[in-house]
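*Asks:* The residues making up each chain are set out below.
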Amino acid sequence: MTLKHRIPVEPLEEERLANIERRIVLGAAERLAAPDRAPRRLFGFAGAALAAAAAMVVGWHLRGEPTQVAALPPAETAQTFAIHTSSEHSTVELDGASIATDPASALEVTRSAERVVVHMTRGRIELAVAHREGRAIVVDAGDTEIEDVGTKFSVEYDGASKVDVRVTEGEVKVTRGGKHDLVAAGFAWSSTDGAIVAIVEVPASPTPAAANPGAPTVATAPTVTLHDRAAAVPPPPAAVAIARPRVARADPPPPAPAPVHTVEHAQVQADPYLELKQAVRRQPIELDPKVDGPGDAAAEVAKLKPIAYAPQKYGEEASRALYEIAVLLHKPLHQDVEALRTLDFYRSRFGSRGKELAAALWLRVRITCSHAIDDECREAAYSYQRAVPTGSAADVAIRITNAQ
Amino acid sequence: MATAYVEDVLLVDRCLTGEPAATRELFRKHRARVHACLFRVLGGNRDMDDLLQEAFLQVFQSLRGWRAEASLATWIDRVAVRCAYRYLTQRGRRIATDPLTDEEVIAGGEGGGAHRQLARDGVKRLYAALDELAPAARLAFTLHEIDGRSLAEVAELVGSSVTATKLRVWRARKRIEQVAAEDPVLSEFLAKEAA
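In order, the protein sequence lines correspond to chains R and F. Read the first sequence against the working numbering and you will find it ends at 404, with the numbers running on by one and no gaps. Read the second sequence against the working numbering and you will find it ends at 1195, with the numbers running on by one and no gaps.
Take the hints with a grain of salt, since some may be wrong.
[Stated by the list, open to error] Short, incomplete list of chain R residues facing chain F, as computed with Cβ under 10 Å: (1) Lys4; (2) Val9; (3) Pro11; (4) Arg16; (5) Leu17; (6) Ile20; (7) Gly27; (8) Leu32; (9) Val301; (10) Lys305; (11) Pro306; (12) Tyr309; (13) Glu338; (14) Arg349; (15) Arg353.
[Claimed, not checked] Think about it this way: if two alpha-carbon atoms lie no more than 27 Å apart in a straight line, the pair counts; the simulated BS3-like pairs of lysine-lysine are: (16) R/Lys355 to R/Lys303; (17) R/Lys331 to R/Lys290; (18) R/Lys355 to R/Lys290; (19) R/Lys4 to F/Lys1029; (20) R/Lys173 to R/Lys162; (21) R/Lys303 to F/Lys1029; (22) R/Lys152 to R/Lys179; (23) R/Lys331 to R/Lys303; (24) F/Lys1029 to R/Lys305; (25) F/Lys1124 to F/Lys1174; (26) R/Lys331 to R/Lys152; (27) R/Lys152 to R/Lys162; (28) R/Lys4 to F/Lys1166; (29) F/Lys1124 to R/Lys4; (30) R/Lys4 to F/Lys1174; (31) R/Lys173 to R/Lys152; (32) R/Lys305 to R/Lys355; (33) R/Lys290 to R/Lys303.
Just so you know, these hints were derived from the structure itself, not from any lab. Note that the structure is a prediction, hence the values are computed from the model and not measured. From the three backbone atoms N, C-alpha and C, an ideal C-beta is built for every residue, glycine too.
Required output: the full structure, derived from the provided sequences and hints.
*Replies:* As structure tokens, then:
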């Protein structure tokens, strides 16, 4: 039995094809931006919807009545919005992130499929960012860059040189003058001294709203003082009190004003692995191709791809190109999922023959362990320490492997 | 081959930057083959437009995952086959097929009205028999016997071993022959094919 070429194919009319093509071009940008996790998509949507609903309810209670809430449509191409607030608070919702601005703040938001860049001119903003694979939020305040992939934090910028960053959930990376600092939940960073300090809560003083209950409600920032981190963090990680800093609410406070005199209790949500994560970050990336920003990195990746994925005859050149793609995806482009896939491909294609094997193994440690010291991270660290038993990176890998 | 390979890599890169012209180019380059493949697997189908669209949207969604280990065409075909498989499993085995028009049947051969009628009825009954097969068996059979792909190629497309694919094709063929034994129209249609 052979039916080949005997079943005629009904051709599609040009008009139908044109319609399909139009819909594909429209849908492709969206699909390209979406992670390729189709089977879990429904759960993801349901989770995101629940999280968004919960965040909205909590946000509503905590922030009082924002005078302006704008929800922006999803980005298909890079778009820029300017936000200037005079005397009012405002909240902008976009792509799963909520940006609440204080009065007298000025900022510009540029978003594309993979990044949202908030360029602050002055003022104070609070961000609640839902983690989304392959999408990063970067706040650019003067010469300081704060990068986040899923957390809650605030940035205050005086418009000249002073930048304060306070993290209430998750972790952010602060970059200034070529120096990177990871700031974990419960800690703050200030450009004044570049130090990371623990956030310690102090009873809030009465707000103008409390003095005059009939006045319009305005959300206020948490009242905090900064303490040296070494003094604030209890020595054994297991004994760290897990509690989030309270946000001062707009509800009328008790009639008697609470005196602001001493620190009553330090509420520190310390990451017991912070030092370890910083040690990972401090290790240099080997064979790091130097590029100027994400644009150059993307162009470099495009240039390297034909070499990296070319037939085996390219040998060493291909293995080097593949490793460099992984580095570029990780560092300037912040596409860690893609970087890990590239490293998987490197391992399957070149294995122990690849000259960059040790560097590739370390890159995997760096990527997996910068998010969490979990089983995946420990596995990567163990693979590295087996391949490279000595050296400073190996020491870090051994510490990770032994971390409980 | 190498030039086509590099062209594919570059085209994919352009698509990944979100360039609409590249999206169009990729679609135009592969649409006829993907459509033919879907058509031969599923038969004339009222959902064909949606299926073709969904197959390409899946392609774009997964495009970052193309590692250039297989040719772009093979990889796209694999995505399309998965799309067809999903359709078969979600919609049940019975598919609302459109009867072929005279013009389409003429493409299948020479002869007068009787021949055209036989071809039309034969195709209709063949796809009715295929509706009774399990989705995996139908895919293997149609890709090999109707789309004319080698067993190795079919195995790669459906993500199975060559042995398992061969077995599925053999079982599907047996089943079609059983149906044909009780259906003179289908039997005559298949006999003409064999002749």
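*Asks:* Under the criterion that the straight-line Cα-Cα distance not exceed 27 Å, is the pair R/Lys331, R/Lys290 satisfied?
*Replies:* 10 Å, holds
*Asks:* Mind checking the alpha carbons of R/Lys331 and R/Lys303 for me, to see if they're no more than 27 Å apart?
*Replies:* 17 Å, holds
*Asks:* Does R/Lys173 pair with R/Lys152 here, judged by a C-alpha cut-off of 27 Å?
*Replies:* Distance of about 13 Å is within 27 Å: holds.
*Asks:* Should the interface hint for R/Arg349 be scored as holding, given a Cβ-Cβ cut-off of 10 Å against chain F?
*Replies:* OK, holds: R/Arg349 within 10 Å of chain F, min 9 Å.
*Asks:* Answer holds if the nearest beta-carbon of chain F is closer than 10 Å to that of R/Leu17; otherwise answer violated.
*Replies:* With a closest approach of 7 Å, the R/Leu17 hint holds.
*Asks:* Is the hinted pair R/Lys152 and R/Lys162 satisfied, with a Cα-Cα distance of at most 27 Å?
*Replies:* Roughly 20 Å between the alpha carbons, so the hint for R/Lys152 and R/Lys162 holds.
*Asks:* Close enough to count: is the Cβ of R/Pro306 nearer than 10 Å to one in chain F?
*Replies:* 5 Å, holds
*Asks:* Holds or violated: R/Lys355 and R/Lys290, Cα atoms, limit 27 Å.
*Replies:* 19 Å, holds
*Asks:* Tell me if the interface restraint on R/Lys4 is satisfied: Cβ within less than 10 Å of some Cβ in chain F.
*Replies:* Constraint on R/Lys4 satisfied, holds at 4 Å.
*Asks:* Verify the proposed pairing of R/Lys355 with R/Lys303, using a straight-line Cα cut of 27 Å.
*Replies:* Holds, because 20 Å separates the two Cα atoms, which is no more than 27 Å.
*Asks:* Is the straight-line distance between the alpha-carbon of R/Lys290 and that of R/Lys303 27 Å or less?
*Replies:* 14 Å, holds
*Asks:* The hint names R/Arg16 as touching chain F; please verify it with the least Cβ-Cβ distance against 10 Å.
*Replies:* 6 Å, holds
Figure legend: structure checked against the earlier numbered hints; the only hint not met is number 15.
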